[in-house]
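Novice: Since chain F is already given, all that's left is putting chain U on it; use the hints.
If you read the protein sequences in the order shown, they are chains F and U. Okay, so the first sequence: first residue is 1 according to my numbering, each after it adds one. Okay, so the second sequence: first residue is 394 according to my numbering, each after it adds one.
If you're looking for bench data, these hints aren't it; they were derived computationally from the structure. Since the structure is predicted, the reported quantities are computational estimates derived from the model, not experimental observations. Some hints here could point you the wrong way.
[Unchecked claim] Calculated cross-link-like contacts (lysine-lysine; reagent style DSSO-like; alpha-carbon spacing at most 27 Å):
1) F:K53 - U:K449
2) F:K97 - F:K20
3) F:K344 - U:K429
4) F:K344 - U:K442
5) F:K97 - F:K53
6) F:K277 - F:K246
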Amino acid sequence: MSEYVSNVSSGASVGKVEKKIFTIEAGFEVACGRRLAPIDIAYETYGELNSEKNNAVLVLHALTGDSHCAGYYSGEDAKPGWWDIMIGPRKPIDTEKYFVICSNVLGGCMGSTGPTSEDSETGKAYGTNFPVLTIGDMVRAQRRLVDFLGVDRLLCAIGGSVGGMQVLEWSVRYPDRVFSAVPLATTAKHSAQAIAFNEVARQAIMADPNWNGGDYYDGRRPAQGLSVARMVGHITYLSDESMRHKFDRRLQDRCDLSFNFEADFQVESYLRYQGNKFVERFDANSFLYLTKAADYFNLENSWGDGSLMAVFSRAKARYLVVSFTSDWLYPTYQSKQMVQAMKKNGLDVSFCEIEAPWGHDAFLLPNERLDRLMGGFLDRMQAEYAEEAGNAL
Amino acid sequence: MRFDLQVIASWVDPGARVLDLGCSSGTLLAVLREEKNIIGTGIDADESKVGQAIAKGLSVIHGDIYEEVRDYPDSMFDYVILSQTLQQVMDPSMLIREMLRIGRRCIVSFPNFSYWKHRIQFLVRGRAPVSRELPYEWHNTPNIRVIPIADFKRFCRELNVPVLKEVAIGNHHHEERGKIVSFMPNLLASYGIFLLGQPE
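Looking at chain F on its own, in the form it has when it is part of the complex (with noise of 0.2 Å):
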């Protein structure tokens, strides 16, 4: 979920890319009830759809992230996209076999839809008189674009965290449309302890008087309350080990505490600069639409009434589900209940969790583990997926 965390790509790159934009005149309702139109959705491919139509893979991008998850605009980038140690030739979603797509949540800010879009009512931007929107809302968005871009059967829907959401809600809303699904570090549903921290960082947004309703674009930005939101989100990426091994109790730039609230200790002043640096790439209003929508989700009683193991009755992919063992935001139990569903419905499963110290973050840091799980279940779909057609011939 800190989608930027500075990772050294290894390996080739997809190189340069470009941020296009699809366009649905027409708009849809969403549902809450309210009518959306029209909107725009984010997006970038990578590699090439090949003639069948089957080596398609939807990258889903986690609560903050955007549609660019690989490679370069420019030359001038500091950074690749947020994945870029994961897709790319010959890395383990390979842009040589597979043709990746990847487009930023409706009621994000970097392109889609959103609140900082002018509502064509008012000519002004949406602040909090956008809908609230939901998991379903998006990946409907997102199967418009795949509809566009010709695809009709996705080999696979793979994110982690909200993303991991999506994966889940792709599976079972659309179960023709998704031939396999890797949901990482996610759940079928928030924890009350997750939703607890989401609405931490939500009252920090809408207590910085600069908030002022959701209406601020013509005036300053509640930057501190959304740097003080980042704040609270950061923690829950992390790990109690993590945090010893990076921080400790070390002071930042100091031999003595100061006896004042300035940063003392090295976890302060990296808070401090995780919150700041988001604020320059990230809008209050979005971020309180998309942790509500990650509140909202609940696989259970929207497709299953009640009961997960309803849920997967309707789903027919081939899952990978991975978790990783310091993940206290996601913990492991949420994958195993998925997993549990999943197998009483006789569906193809497999599942791993991975030995990590780094929290929720884990899905995002390198790791050997995860890239041979994704690389030999994505190999193996494309086997299954090409055999399954040629039978139907």
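Specialist: Positioned in the frame of chain F, the structure of chain U alone reads:
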């Protein structure tokens, strides 16, 4: 291929649905998929083995076999295999009943504790047997059960589980060429492999 796995593979029908409990890195599943075109699933508790198996393109679940078998619907598989793992199982009768609930048949293999070499070590030296087949000392062994072939067969009778096929082998199970022991297997065989059917 290891001789014990060759025997197991020879018992599995082509195209069958197979669950391998304690599948390690998926050697048997990979062979069965290659040679018998089976639809396979494995369960193992070791993260690195599971990682290797999934990376090979196998469908494997990381977890505890007792917990994981419970989730499958009845008769989900044609064969449920427990290869070289029974000696580490806490509740064998529960596990075998579960295996026969979720599978039409089950295949169980284990090192024969009453193999003559083990008997001699205990009888002559008065010490817990350590051998090629049971390479551990009493304090570091993962094996919590000692299973003579004769006792396993009695156990199956008590559970009313029919033994449909049995093969005793006289060489180390890792070797590729094997020797089938038909005379006094409880004494002369180092491994037993059994095909079990539904309880009567």
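Novice: Between the alpha carbons of K53 (chain F) and K449 (chain U), is the straight-line distance 27 Å or under?
Specialist: holds (25 Å)
Novice: Would you check the hint for K97 (chain F) and K53 (chain F), treating anything up to 27 Å between C-alpha atoms as holding?
Specialist: holds (12 Å)
Novice: Are the Cα positions of K97 (chain F) and K20 (chain F) separated by 27 Å at most?
Specialist: holds (22 Å)
Novice: Given the hint that K344 (chain F) pairs with K429 (chain U), test it: the Cα-Cα distance must not exceed 27 Å.
Specialist: Distance ~25 Å between K344 (chain F) and K429 (chain U) Cα, so the pair holds.
Novice: For the pair supplied as a hint, K344 (chain F) and K442 (chain U), is the alpha-carbon distance within the 27 Å limit?
Specialist: holds (24 Å)
Novice: Can the restraint linking K277 (chain F) and K246 (chain F) be considered satisfied, given a maximum Cα separation of 27 Å?
Specialist: holds (19 Å)
This entry satisfies every hint, going by the numbered hints stated previously.
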